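Chemist: Chain order of the listed sequences is H and Y. Going by this note's numbering, the final residue of the first sequence carries number 298, and the count climbs one at a time with no gaps. Going by this note's numbering, the final residue of the second sequence carries number 1368, and the count climbs one at a time with no gaps.
Hints were generated in silico from the structure; no laboratory data involved. A quick note: this is a predicted structure, and the numbers were derived from the prediction, not measured. Ideal Cβ positions, reconstructed from N, Cα and C, are used throughout, including at glycine. Treat each hint with caution, since some may be false.
[What the hints assert, rightly or not] Quick list of simulated restraints, FRET-style, between CB atoms: (1) H:V129 <-> Y:E1258: 44 to 52 Å; (2) Y:E1258 <-> H:W264: 49 to 57 Å; (3) H:D260 <-> Y:A1223: 47 to 55 Å; (4) Y:T1010 <-> H:P91: 48 to 56 Å; (5) H:R85 <-> Y:R1212: 29 to 37 Å; (6) Y:V1226 <-> H:G33: 19 to 27 Å; (7) H:G33 <-> Y:D1044: 46 to 54 Å; (8) Y:P1020 <-> H:R169: 48 to 56 Å; (9) H:L220 <-> Y:T1155: 16 to 24 Å.
[Said to hold, decoys possible] Not close to chain H: a few residues of chain Y, all C-beta gaps over 12 Å, as computed: (10) R1125; (11) V1137; (12) E1145; (13) W1147; (14) R1332; (15) W1354.
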Amino acid sequence: MDEFLRLCIAGLALGSQYALIVLGFVVIYRATGVVNFAQGGFVVLGAYLAYNAHNTWDLPFALSVIVAMLGGALIGVVVERLILRRMVGQPVFAVIMITIGLYYILEQTVPSIWGPQNLNLGDPWGIQVKSLGDIQVAVKDLWTIALAAVALLAFFALFRYTKIGVAMRATALDQEAALAQGISARRIFAISWGIAGAVAALAGVTQAAGSIQVRPTLGLVALIAFPAMILGGLDSPGGAVLGGIIIGVTQTLTAGYQDDFFPWLGNGFNSVMPYVVMVLILMVRPFGLFGTKEVRRV
Amino acid sequence: MANPSPHLVTTYERDLRLFPSLASKIGVALLVLVWLVLPMNLTDYQLLVLVFAGIAAIGGIGLNLLTGYTGQVSLGHAFFLGVGAYTAAYVGDQHDLPVFVWLPAAALLAGLIGAVIGPFALRLRGQYLGIVTLGLVFLGLHVFENWNSVTGGNTGTSVSGASVDVGPLDFGALEIGGQAFTKEQSYFWLVWGLVGVVALLTKNVVRSRAGRAMQAVRDRDLAAEVVGVSLARTKVGAFAASSALAGLAGALFASFQEAVNPENFTLLVSIQYIAVVIVGGVGTIFGSVLGALLVGPVQRIVETASRSQDLPFVSGDAGGSEGVIAVASLNRMIFGALIIVFLIFEPRGLAAIWLRAKAYFRTWPFSY
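Chain Y extracted, bound-state conformation:
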């Protein structure tokens, strides 16, 4: 008998399918199309904002894997981003190795350090773990500021020498069939291509055995252990995977920005990633992408708007006196407010809004 409705799931195989319906396949195809043509239709500045959002999406997916799926609170994401960024600078810029080396090296090293931190999560629970990972940010900053030969100390180090040649394609400035593209256009394809790959990979992880183990640990770690989930393997694995993605994001960030300094990896950055996860939706992959698309650009929009004097109460830069509030202050308050508003009014984030909208149209005109 044919399945009466595509939404009626009767077998586990169907429940686990990556693309449950024809509509979702069409949706993915449309997204790929948008990815291909968008850089031709936006300004370089808009693309720059989107590239940073894409980088935040990769890091956000990583944090969601750890916090959203495995339930381990981590305030240390900025540290792993930093490890990735400085690895990119050291391997790609100082040693001139190609992108095939420095990008995986950044992810691997960050993942390795994550795996070393992982065992702490076995011993510590909840809030104690959160504060230990907070310590990680400060210890990391200290290392970034003092290990001058690698990190360049307080002034940071250049990453502009790290090449992004993938075979014949140089993503620093693409040239295809005689047509030259700008750096922003090239990076948009690179970064959002990677977002797609990472999203697919993590989606496959979370719908497989490893992902179910993570969610079991999140829901009740003791019960998970009793039914045969290895806590050690799951928690350490989640930390390693999450940190590797953070390292990847950090390396892309460093390479796109062409320079990094310790200021790029403060606690505020960790909080921004937490905001991405919460605003997007805890425990959803595409939510992290939505969150990154909201949280990342908001900051830029506030900056641009206040620069062009559209917001009379905002002073141009930190320390300015003509406005009531500095841009940096306003941005931090917006992060704080975003986290609070979403947790109180929409605790499952943008992803839940999207799913509700979808359900509404699917069942229209019946609301239930």
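Isolated chain H, as found in the complex:
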């Protein structure tokens, strides 16, 4: 039972990491209607920015994370302005492909700047563990869960109580009607990309903290976060978190128990388990658990 609980908490932390990435997907999807494949590139860039701020510029860790988030936001805004702005009104397929191209460019600039080797982020959590009753929990996991919770609350507050948030919701609902009300869609796009870049940097830091280290392949995690996003529905922040947690817990439970029950599935089946869960759920609910159904007019 302790083992089960331990796996669940580890899964919760993993799910929170996914949730942070998925929040970035959701904010861009809501604004522009496009899945942003470049998110993984922002994740890895954010992690390296935090590394750079903390280790090269000797800033305190918390400040480094904020610097990384600001840097991520800035890169997001620049990328939107230079590339994505030109694609407004183009077919969705084309825009997705642009973000895939961006992913490869962003991801590969990292080893060119910082080199291909793994680097130690130097976070204060390290590999410490805390005992909760009989269960050992990594301090990093607790922080990840807390950070994800804060980010999610900030999202809800932003969307519900601020003028920008309302404008974003209006743009997501109907771009033309929003324009007619005097909302600048351009500003909303830029803000969305900025938020996505910032939250991706935070996700990158939680990824790289502890024993994982900063490495050029960190961006791949965004590809595993896809199932979490699909599961929750592309346009639902709450769904993002729930989807992330479902995927995270399933993954750690698979890793923990697969050898005992289904050894024939092969080594590392937990890394593809998210996709299996995703396909199963999509068969029942083609727009995810909380996604908005597409209305089709003839």
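With chain H fixed as given, assemble chain Y onto it according to the hints.
Modeler: For chain Y alone, coordinates are given in the frame of chain H:
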């Protein structure tokens, strides 16, 4: 009355013709001639690059059928290439069956799996489908890495035993009339011959009823359904045909490379095929061939150029320290940049450039 101009199309029959004018027939004849004599005039290395480009052209035509003509976004092309390649290894190498068995088997099995995936496209739309096919790549990799008895696991498996004897002709090392040819020369004829066959077949598909159904589904699936196009048959058919071509390309790739491992079928490969389709031109058959001829060789050229120290800022191999950027990194960035640049500046690809050039010369000296 005689038709006043070959470019004035007045009947559907004329519109559908495979070779609309004498010039296009001459063009095809010239291409066949080039195909016949090119291997005698190029080095083996250049031919090797072209063989890989030809394989990419076959796979690219397959993906274009699905994405360009039917409008179904698929990131799973690498998986079907893998199915074809491992089928070739299993049937051709491990069971020593002739090329008449393993090549069709690779295409058939990949096509069959494609037909099984097809129904997902009925239920899911657009981006959801794209991400499910992305999952297919990862699930496929997991199977390739773990089904040791067939795929050889992480280290991969040899395909060198798969024979390529077509009757008296052994495409592993052709010998005609006492003259021996190298493997690269032989494969050039085999692969580009197949490119021609595949291009002709798919061209015939897309200009027939099935092809019009595909394009109707792409443009507006609901409207297509209303006018009597069966969505199920069209989408599943497109998936099956596209996957079968990917399987064919994968089998040729495996046989030419003589070994395959899971690294050959990662997501990057899917993206390369998407780059082929986008750079060449979405929804054109000959565009895919042009795209393959640009995207495939670029990678090799970058590799060769950096090996011979022509590019001082590139380090020799991944992990090298003397240059700023590793070759593998540079190649990935080039793919990304190719996709972005073409989508922003030339969304209809090389095919559009070619058509514009043709129109310019046809109407010269009048630009309109």
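Chemist: Given the range 49 to 57 Å, decide if the beta-carbon distance of E1258 of chain Y to W264 of chain H lies inside it.
Modeler: For W264 of chain H against E1258 of chain Y, whose Cβ atoms are near 30 Å apart, the range 49 to 57 Å is violated.
Chemist: Should the hint that R85 of chain H and R1212 of chain Y are 29 to 37 Å apart at their CB atoms be regarded as holding?
Modeler: Since R85 of chain H and R1212 of chain Y have Cβ atoms about 36 Å apart, the given range 29 to 37 Å holds.
Chemist: So does V129 of chain H sit 44 to 52 Å from E1258 of chain Y, Cβ to Cβ?
Modeler: holds (50 Å)
Chemist: Checking a non-interface call: every C-beta of chain H should be farther than 12 Å from the C-beta of W1354 of chain Y. Is that right?
Modeler: Correct as stated: the minimum Cβ-Cβ distance to chain H is 20 Å, above 12 Å.
Chemist: Does the claim that R1332 of chain Y lies off the interface hold, with its Cβ farther than 12 Å from every Cβ of chain H?
Modeler: Violated, since 5 Å does not exceed 12 Å.
Chemist: Indicate whether the distance between the beta carbons of T1010 of chain Y and P91 of chain H respects the range 48 to 56 Å.
Modeler: Distance hint for T1010 of chain Y, P91 of chain H is violated at roughly 32 Å.
Chemist: G33 of chain H and D1044 of chain Y, beta-carbon distance inside 46 to 54 Å?
Modeler: holds (49 Å)
Chemist: If you check the beta carbons of L220 of chain H and T1155 of chain Y, does the distance land in 16 to 24 Å?
Modeler: Given range 16 to 24 Å: holds, Cβ gap about 22 Å.
Chemist: E1145 of chain Y: least C-beta distance to chain H exceeds 12 Å?
Modeler: For E1145 of chain Y, whose nearest Cβ neighbour in chain H is about 7 Å away, the distance does not exceed 12 Å, so it is violated.
Chemist: Does the beta carbon distance between V1226 of chain Y and G33 of chain H stay inside 19 to 27 Å, or does it fall outside?
Modeler: holds (25 Å)
Chemist: Hey, does V1137 of chain Y actually stay past 12 Å from chain H on C-beta?
Modeler: Label violated. Min Cβ-Cβ 9 Å, cutoff 12 Å.
Chemist: Would you assess whether R1125 of chain Y, listed as outside the interface, keeps its beta-carbon beyond 12 Å of every beta-carbon in chain H?
Modeler: R1125 of chain Y is in fact no farther than 12 Å from some Cβ atom of chain H, at 7 Å.
The structure fails hints 2, 4, 10, 11, 12, 13, 14 (numbered hints given earlier, in ascending order).
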